[in-house]
Amino acid sequence: MSTTNGTTAAAALPTYTKKDFESGVDPRWCPGCGDFSIINQVQKLLPSIGVARENIVFISGIGCSSRFPYYMNNYGMHTLHGRAPSFASGLKLSRPELQLWVVTGDGDALAIGGNHFIHTMRRNLDIKMLMFNNRIYGLTKGQVSPTSELGKKTKTTPYGSADYPFNPPALALGAGATFVARSVDLEGAHMGVVLKSAAEHRGSTFVEIYQNCPVFNDGAYTFLTEKAVKAEAQLRMEEGKPLLFGKDNRKGIRFNSQSAELEVVTLGEKGAVEKDVLVHNPRRDDPTIAFMLANLSNRPGFPTPIGIFRAVKLPTCDDLNWKVINSAKAKHGDVSLRKFLSSADTWTVE
Amino acid sequence: MSIPEAAPTSKREVEQVETVTIRFVGDSGDGMQVIGSEFTKASALAGNDLSTFPDFPAEIRAPAGSLAGVSGYQVHLGGRTVYTPGDAPDVLVAMNPAALKTNIQDLRLGGMLIVNSGAFNEANLEKALYKKNPLEDDALKKNYRVVPVEMNTLTQHALEGSGLSSKEVARCKNYFALGMLYFLYGRPTEPQVQSIRAKFTKKPEFADANIKVFQAGHAFAETSELFVNTYRVPAAKLRPGLYRNVTGNQATALGLAAAAKLSGRQVFLGSYPITPATEILQESSYFKEMNVVTYQAEDEIAGIGSAIGASFGGAIGCTTTSGPGLALKSEMIGLAVILELPLVVVNVQRGGPSTGMPTKTEQADLLMALFGRHGEAPMPVLAAKSPGDCFYSAMEAVRIAIKWMTPVLLLTDGYLGFGSEPFRIPEEGELQPFAVKYQTTPNYEGGKFMPYLRDAKLIRPWAVPGTPGLEHRVGGLEKDSLSGMVSYDGMNHEKMVKTRAQKIANVVEDVPDLEVFGPAKGEVLLLSWGGTFGSVRASAEALHGKSVAHAHLRWLNPMPRNTGEVLRSYRKVLVPEVNNGQLALYVRAMFPGIDPLQHNRINGKALNISEIVAKVNELLG
Ligand SMILES: Cc1ncc(C[n+]2csc(CCOP(=O)(O)OP(=O)(O)O)c2C)c(N)n1
Ligand code: SF4
Ligand SMILES: [Mg+2]
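Those protein sequence lines, which keep their order, are chains A and B.
With numbering that gives the first Met the number 0, the residue at position 284 of the first sequence is 283, and numbering never jumps.
With numbering that gives the first Met the number 0, the residue at position 506 of the second sequence is 505, and numbering never jumps.
Just so you know, these hints were derived from the structure itself, not from any lab.
Check the hints yourself; a few may be wrong.
Said to hold, decoys possible - Straight-line Cα separation of at most 20 Å, EDC-like style, residue types lysine to aspartate or glutamate; simulated pairs: (1) A:Lys338 / B:Asp89; (2) B:Lys447 / A:Glu349; (3) B:Lys447 / A:Asp247; (4) B:Lys40 / A:Asp25; (5) B:Lys502 / B:Glu375; (6) B:Lys211 / B:Glu221; (7) A:Lys338 / B:Glu221; (8) B:Lys198 / A:Asp344; (9) B:Lys359 / B:Glu278; (10) A:Lys274 / A:Asp318; (11) A:Lys338 / B:Glu375; (12) B:Lys100 / B:Asp89; (13) A:Lys151 / A:Asp162; (14) B:Lys236 / A:Glu21.
To be verified - Some chain A residues flagged as far from chain B (calculated, every beta-carbon gap over 12 Å): (15) Cys29; (16) Ser47; (17) Arg82; (18) Gly159; (19) Ser160; (20) Ala161; (21) Gly270; (22) Val276; (23) Ala343.
As the structure is a prediction and not an experimental result, all values here were calculated from the model.
Cβ coordinates follow ideal geometry from the N, Cα and C atoms, glycine included.
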């Protein structure tokens, strides 16, 4: 164990199983809630990431989603509505050797916590944020959220919501996140892959997970998850592969250099061939294409991208801070209190 | 009042004065803070006790010569203990009309006004909204000993042929004023010459110029016949040792860093800039080798959140702010109360409500500190009494927070934060280390860890991430009294509320008894808290021989065990405060039957000693 900065002794890790990450408290989510499948994927992932259980901390805000840490057998904090990133930021800066996960909801992260969200992303602190997006306030029983669609009827918008939603990956990209991804509760295998990449990334990591709330916003993602429409509706982004989708991967996303826009082409139609299709590269420093892809979501005539929008390496805020701290410590050595307090103009009274 | 005429130099006498208060005032660009602190340093070297207070303009760059642009620095020095920067200056050094206009009413009747008459031209008079030149006003000469000096011209003369531009020359005139004061108070000039050299090592031409002007000012005072006497303030009897000057904000930062050293734990300071607390974060950000990690968060809420997060990780989480920021932090402080994690919240009080008077002092956050949270959320509250005491108060706040696993609120104020005084640097080993123990093993049957299993004092264990086998969850929901897991059981909640309250009440074992200065029984007890200590103690000293005592509360929650007993030993209790009566209200609630009288000033300034003395005399009848 290390208590300040320093490396945790590289003792051989125990061989973990999924069970080692279950706290033994039964989740209190409603039957059929998408949160179950997410926790299942996280608990499946953790045994394999090479981090000691005691060095992983889950921090959440308030909401159905934010109950998450209670069900994980790690260190955990269930904090205040919207504020989880602030606790995680302090803990990460204080103890950079810990692995920090923030679990949050769409209201928690983007309404009351919007300010902390953007700043955590821009700083590139090594924090992994999982945002369960059910496009509704679950815990408070069904009010409009910052990701609810325009026109959405909820308890506080009985005539339909009159405001435009956030597009969370676009927001995260705009704020400077170095890892931005999206997955879906019902796509367990896909989520597992995305989460693994998130676990491996060092820096501000944002994963939006589309999560169904069967009680207050049921069917929010059937447009994406129903068997019949899935192929046409999902654009699975995979690094190094062309952005193809649709039945038999007949369709693709092309960058139109005339209009500077993304467009859908059907292979074999109007002369479109596979090499016209954009090859997915989440490692571009410039986030512009990632941003364009993020903005395809919910756009008529376009599929919804899932997978990793962006994954770039950038020195983290915690690393940069500790570089300065460690060099100050190396330069000054162990300073006695008296010497420290005397480093000013002094005089002696006899 | 008779004002002596100027005397020829030959007849000049050296007058011994026990204390003197000097205020330097000028335009923000005139370098008043510089000469104020230089004179302070010289006085410290001469062995005086002292206390200073700067008065910055609220605007950062007010137009030159305007009333809003006046900047001041007051120093009170003495051959005996000096408690405050002084009520009314004995000497006012005014560099321009605006400075004169905004400060002359504070000068003691019969006091000395050294004024740069060269700045009293039409343009400057107009900017200061003077219809005619006040220096020609007979009333001024009748009330004060006016010493007009053409500092502009004299400075120009001194720098003839220096090659400096007229703007650069004008900037040196503060040292002319300083030179005069060095002569008047018999300060040796050599250290000042050295100090100027050190200050301008990179620009030797400015060093030379300022030294010349400083010496010219000194020579001018010596040869001109404007000064009747010179003055000597004898050395005070200070505790021997190595001294430095500290402002309250510096001292708070030093105290937190010292706590890191004494506890062997990292201090994590997460804050957001706000006047008058900002300097604590700024200072602390240089203390990296002392195991202080600083973080300027995106707002006050994130500042305290980051501190609580760091505390969960085993650091000493701290956050520093002022009123508006404290209001933002209140939900978070409640969380720290229910989590029972160590946390130090420093609130440097300023005039409120809302943005109020950011650069002016006030004591009006006491009730917010004590009660300003939702739910039953008691926490220890203490207040610093002087700039130097901010050091000890910050250390004590950390010690209590760690020992009792609780947030602690430390109140200081703008007057302490900006004010300065000599600070004796503790000898090596003088400060007691305070051990911090983390829980590293299970504490319950079956090899289990119960994060809310308490010891006899009701303190819960601190187990930090990285400790295998003690993985646990904490949160803001009411928790089971052992496991810390969510509990909606009403009886458990009541038990937890009472347990948390009792734990804070138990902190009284660390609160020293209230000490009384003056008679143990009698007519009037002056009861103070926080930054008014100096004014009230000086008042009590001034009332020496009368049936008047003074008690000062450092701890507001819990209060010392003997507080009620002390209060009941006097016929009248007078609470002087820079608010509308908050401690008085609290005392009435805590000690039924005691109905303190109040003396309240809320004018952005420290309490006036003479006003307190007058009030007590009135009570004594
Ligand atoms: C300061 C504060 N304001 C409001 C609330 C009430 N509240 C709790 S959760 C929540 C919204 C949760 O929505 P979301 O973040 O989307 O999480 P979900 O329940 O949908 O997972 C609100 C408004 C609160 N707990 N604290
Ligand atoms: S209300 Fe919705 S989001 Fe919350 S637990 Fe129930 S199903 Fe899940
Ligand atoms: Mg939601």
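Item to check | Non-conforming hints, listed in increasing numerical order | outcome: 1, 2, 3, 4, 7, 10, 11, 14, 17, 23
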